[in-house]
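Trainee: Make a model of the complete structure from these sequences and hints.
Protein chains in written order, with the working numbering: chain A, 1 to 410; chain B, 411 to 636.
It is possible that some hints are incorrect.
Stated by the list, open to error - Examples of chain A residues toward chain B, derived with CB under 10 Å: (1) His10; (2) Ile11; (3) Asp120; (4) Gly204; (5) Glu208; (6) Asn211; (7) Arg316; (8) Arg321; (9) Leu322; (10) Gly325; (11) Asp330.
Hints are computed from structural coordinates only; laboratory data are not their basis.
Beta carbons: idealized from backbone N, C-alpha and C, even for Gly.
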Amino acid sequence: MAISLRESLHIGISDILMRKIRSAVTILGIVLGVMCIMVVLAIISGMNASTLSWMEERGGASKIDVYRNWDYDFSKGGYASLSLAEVSRIRELIPEAKAMNPQVQMWDKTLTFRGLNYADAVMGVLPDFQIAENWYPARGRFFGNLDVRESSNVVVIGSSVARDLFGTRDPLGQNLNMGGIMMQVIGVMEEKIWKNEGGGPWSGNVLEYLNRQSFIPLSTAMNKFGGDNKVNSMQIIAQSPDQALLLQKKLNTILLNIKQGKEVFRVTSAQEQMQQMKQNAQVFSMIFILIGVISLFVGGIVIMNIMLASIKERTREIGVRLAVGARRFDVFIQFMVQTVLITSIGGILGIVSGFSILNLVSGFLQMPMKPNPNMIMVALLVSVGVGLIFGIAPAIKASNLDPVIALREE
Amino acid sequence: MEIIKTSSLVKDYDLGKLKVRALSGVDISITAGEFVAIMGPSGSGKSTLMHIIGCLDRPTTGEYYLDSELVSKLPKSALAGIRNRKIGFVFQSFNLLPHLNILKNVELPLMYSGMGSRKRRSKAMEILDSVGLSDRLKHKPNELSGGQRQRVAIARAIVNDPSILLADEPTGNLDSQAGGDILEIFNNLHKAGNTVIMVTHDPVVANRANRIIRFKDGLVADGDLA
Chain A
1 MAISLRESLH IGISDILMRK IRSAVTILGI VLGVMCIMVV LAIISGMNAS TLSWMEERGG
61 ASKIDVYRNW DYDFSKGGYA SLSLAEVSRI RELIPEAKAM NPQVQMWDKT LTFRGLNYAD
121 AVMGVLPDFQ IAENWYPARG RFFGNLDVRE SSNVVVIGSS VARDLFGTRD PLGQNLNMGG
181 IMMQVIGVME EKIWKNEGGG PWSGNVLEYL NRQSFIPLST AMNKFGGDNK VNSMQIIAQS
241 PDQALLLQKK LNTILLNIKQ GKEVFRVTSA QEQMQQMKQN AQVFSMIFIL IGVISLFVGG
301 IVIMNIMLAS IKERTREIGV RLAVGARRFD VFIQFMVQTV LITSIGGILG IVSGFSILNL
361 VSGFLQMPMK PNPNMIMVAL LVSVGVGLIF GIAPAIKASN LDPVIALREE
Chain B
411 MEIIKTSSLV KDYDLGKLKV RALSGVDISI TAGEFVAIMG PSGSGKSTLM HIIGCLDRPT
471 TGEYYLDSEL VSKLPKSALA GIRNRKIGFV FQSFNLLPHL NILKNVELPL MYSGMGSRKR
531 RSKAMEILDS VGLSDRLKHK PNELSGGQRQ RVAIARAIVN DPSILLADEP TGNLDSQAGG
591 DILEIFNNLH KAGNTVIMVT HDPVVANRAN RIIRFKDGLV ADGDLA
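Mentor: Right, here's the structure in full:
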């Protein structure tokens, strides 16, 4: 009968405590390797989390975008624009969509109020804009279908526009001069803020450009601000992410039909983009995990060598154990347990130190990081695995010693 | 009752191109309860015989019966169990594990026989008490004198109630006072019914035994009853 695991653990722990410095050096490689893997996993889950929250902010996973296809050779004819009639035909063809928001962009429009000028983008949109962008007025109201039908002279302004143009004054009900046309302010949008937790190159409010925009009814933009203003982009929100992929295909077909087979528009979905991002993240994580694996491999080789040297030194002890009745298997287990114990302790230390340097690394690399409970399991399994793999050779060597020769060893 | 019986034991050592015959046909027979000394010059094969009797090694040819069991044909894996249950070793250089206290050292054979920790602790304490070391349980071997260390080794050898006690020059590293004490212990163990086999080249030591087997050139020169 072999000795129990508890007995082996007991022997293993006292062996490790007996040779403290050697054990510490042995453990170091594993600690570093596990730390590396911890940080990588935190980076990956941090990236995923910030990608997801960005997606969520920009319309969620059910969003479909239609915009000018920059790859299309426009010398072959066709225009990347839609008339109001075409827009309403599309809406009729996709009744299953939750919202559809065609847009007309006027990128540089000057707004004037009592001698103050403010130049930024003005968007012609439909009331569905609010659903599509998940963005609502903080004060006042958004325009409704009636305003669209009537091509009303109403405007909903962004929070920065309101601040810069009206200061402390209440903008609601005031009239703005927009390129010679007077528009009444009926609402002020909520302030949009999305900050990247990691800071760095992405720091600040990346959505500030939205707060600088103003919104008018689509019909007003097309009918009253010159014939060049046509719908050249749309957002469609599906009922579900799965439906979004179907709707994406359907919209592509509809647009090709309307444009006589010319691919002047591109139709993309958040789902598609997410898949693309996931693929990119996968390549990235593969590289980092490879680095972690290599450092664990090096750590494993170090452990193997130290264990082999330690067995050489303990030959006589092994001889004594064999003489008093230890089986080869007992000796094998003794050294196996010891190696796995060392790598597990290294793994635990690696997890602890990995966690504690996470914030430091996150600040240094300027990347968002998110600790993930799964990575504790991964790190532990990996460190036990390294012990099992690199412990085999020393344990076999120890258990194959001839007792007579081992006892003669000085 | 014959506890040890060998017939035509041959042991060859293969040292690369050179073949060395350490035992060239040894027939011995030892009865249970005997106190036997094995003597002979170095290189005569007495250590090799000890290793085979102690199941640390196997003969090249020939047969060895321990307790009427043919152990010379057993696989190496089975020999560990035999060593654990039937054989107690006492070495010239004590061979205690230096990082374990003496209690743990004595517990070692019990641990490998699968005894629970509480039971083996009390058994080891009992045995250490019988060799007069009950006040040193937590001491490491290097904190003890040579004679005390050898008493720990004897305690370890007998803790499993073995069939035979094998001692290889047990007094070789001790002064005459300590050596005398150790021989007294072996004497008492013999009187209590244990089979003791002792390798020595000291005639004074050998004379404490009730039979002397002399070895020369891998053969029994004198003293075998069989």
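Trainee: Hint by hint, where does the structure go against what was stated? Just the numbers, ascending.
Mentor: 3, 4, 5 and 6
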